[in-house]
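One letter stands for each residue in the lines below.
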Amino acid sequence: MTVRRVLASPYALVIAIALIVVVLPWFLPSNFYVRIATLVYINALAVLGLNLLMGFAGQVSLGHAAFFGLGAYAVAVGPTHLGIPSWIALIGGVLLSALIAFVVGRPILRLKGYYLAVATLGMGLLTAMMIANEVAWTGGPNGMPVPRLVVFDWRVTGSQMWYWVSGASLVLGAWVAVNLIESPTGRAFRAIHDSETAARVLGIDIARYKLAAFVISAMYGTLAGAYVALFDGFVTPDTSSFIRSIEFVVMAVLGGLGSILGSIVGAAILIILPQLLTVFHDYEHIVLGLIMIVFMIFLPAGLVPSLAALIRRRSA
Amino acid sequence: MAELLQFTFSGLTVGAIYALVALGFTLIYNASDVVNFAQGEFVMLGGMVTVFAAAAGVPLPLAAVFAVIVAVAVGLLLYWLAIEPARGASAVTLIIITIGASILLRGLAAVGFDKNYHSLPPLLGNDPWMIAGAALLPQSTVVLIGTGAIVAGLWFFMTGTLIGKAMLATAANRLAARLVGINTSAVVGLSFAMSAAIGGIGGILIAPITLTNYDVGTLLALKGFAAAMLGGMGHPLGAVAGGLLLGLLEAFSAGYVSSQYKDAVAFLVILAVLFAMPQGLFGKGDVERV
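Residue numbers (numbering that gives the first Met the number 0), protein chains in the order written: chain G, 0 to 315; chain H, 0 to 289.
In case anyone wonders, no lab produced these hints; they're calculated from the structure. Here the structure is a predicted model, which means the values were calculated and not measured. For each residue, glycine too, the CB sits at the ideal point set by N, CA and C. One thing to keep in mind: the hints can contain errors.
Claimed, not checked - Derived list of chain G stretches under chain H, where covered just means 3 residues or more per stretch with a C-beta under 8 Å from a C-beta of chain H: (1) 102-110; (2) 244-255; (3) 289-296.
Required output: the full structure, derived from the provided sequences and hints.
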C-alpha cells in the first residue's frame, strides 16, 4: 500500500488521534494542562456523538445536554442513593439513556428542522428542570458529590489517570464512529441528510435510521457526562443546562459538521478558549461571541472541512 | 373564579411579551429564513437602555424612544455585519452566528451597564385594579394594549402599504420578488429593524412588572422561539396566538400544578401539539423538492 492510500483510509484518522493522545502528555508542562486536555477529550466524545446525529444523519438537537446530565447524575445518584458500584452505574446510565432516547426519539424524530429543534430543546429543559427540582435525589441547584470510580481494585482518580481513560475512550469512540459511517447504516444516515424523500424512495426505513442515530448519539453523550462527573467528583444541574446543549452544537458546527476530526477540534477550541480568555475576565463573553460570528462568516462549513477544502485547492 | 381570572391576567401579560418576541422571530424568518436567536437581546436592550438613559437624567419618554432607536441600530448592525456577509450559509451556521451575536450583546451589556436588576416606573401607577376579586396591574393593560397596537399596526403596514406588500412578496418567494424589482436585501434589513423595534418596545413595556437585567434575553428568546413554533413558523398571527397561549399555559400550570414545573408543563403541551400537528397550530405541510 502506498502512503497515499494509507492516508486516504478512514482509519488513518483514528490512528492519528491515537498518536496525538499518546504523544501529547510529553508536551504538557503541568497537571493543569493535563486536566484541560482530559476535558477536551471528554467533551469531544459528546460532540462526536452529536455530530453523528447532526452532521451525518442531519437531525438537529438543541437538548443534547439532557443525555450528558443523565450520565453525570447516573454515577452520582446510583452509588450514593442506591448503593450501586460506580462502574455499574456508569454502564446502567448509558443503557438507561439509550432506552430513553429510543422511547422519546420515535415521536420526536417525526418532526423536521426547527420543529425538531424546539422539541429537543423542550426535552433538554424538562431534564434540567427535573434535576434542579428533585432535591432529595440530586441535591437540587447546589449539586452533589460524586464518589470516585473504582473498578474492582483499580481506583480511577487524578488527572493523569483520567487523561488516559478519556483519551482511550475518545480513540475507541472515533473508531466506532468511523466504522459506523463506512457501514450501510452510515450511508443511510447520509442519504437521509441529503434528502429524506429520496432516501425513502430508495427503500431506506427513515424512522429506524434516524432513531438509530439518536440512540447512538445519546450513548456517546451519556458516557461523556458520566466521565466529567467522575473526573470532577461533583455534579451540578449545569451539566444538563440549555447553555451546555448550545455549547455542544457550537463545538460541532465550529469544528465542522460531518467531520470526526472537526468534533475534536471544535471541543478543543471551546474548552481552551475560555482558559485563555480568563485574562480578559469581564470581556470573556464579548470575545467568545465575536469569535463565533467571525469563524462562521469566514468558515461557514466549520474549521476542519473549510481548511481541508483550502488545502485541496492549493495542492490541485 | 377569582383565581382563574388572576392567572389569566398574569398569563396574558407574560404571553404578550412572548408574542412580541415570537413576532420578531417570524418577521425575520419570513424575510430571510434566518432564525434569529439574538431576538431576546432586543428586549433586554429596550429595558436596559431606557433604565440607564433615565438614570442619566433623560426624561422617561425620550429615554424610551432612544432605547428603541438603539435596538433598531443594533438590529441593523447585526444584519449588515453578521448575517449579510454569511449569505448562503446553511441554516445551522446562521443560527450559530445569531447565538454568537446574543452572547456578544449580553457580554457588552454586562460590561456597559451592570449585572443588577432594574425596574422602570409603571405608566399608570402601582395600585392594582380589583376586578371580580382578581388584581389587575395597570401596567398589564399597558402591555396588552401596546401589544395589540403593535400587531394592528403591523397588519395595517403589511396589507396597506407598498413597502409592506414588498415584504409579503419577499416572504412568499424571494426570487420572484427580486424579478419584479423588489430590493429584497433592503427588505431583509427592514425586517431586522422592525423586529428589533418590536422587541425593544416589548422590553420597555414589561420592565416595570418583571424587572430587567443584562441576562433576560436568553430565556425570552427560548420562549419566543417555542411560541413561534407552537403557532407555526412563519405565521405572524400564529406567533401571537402561540405567545399568548404559552403565557397562559405557564400561568395556569404555575397556579394549579406546581410553580417549579411551570416551564415543564408548558413544554409538554408544546410537544403534544407538535406530535399531533407537526407544523404547529397554523402551519401547513410543505412539499420537499428532490
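*asked:* Are any of the numbered hints broken by this structure? If so, which, sorted upward?
replied: none
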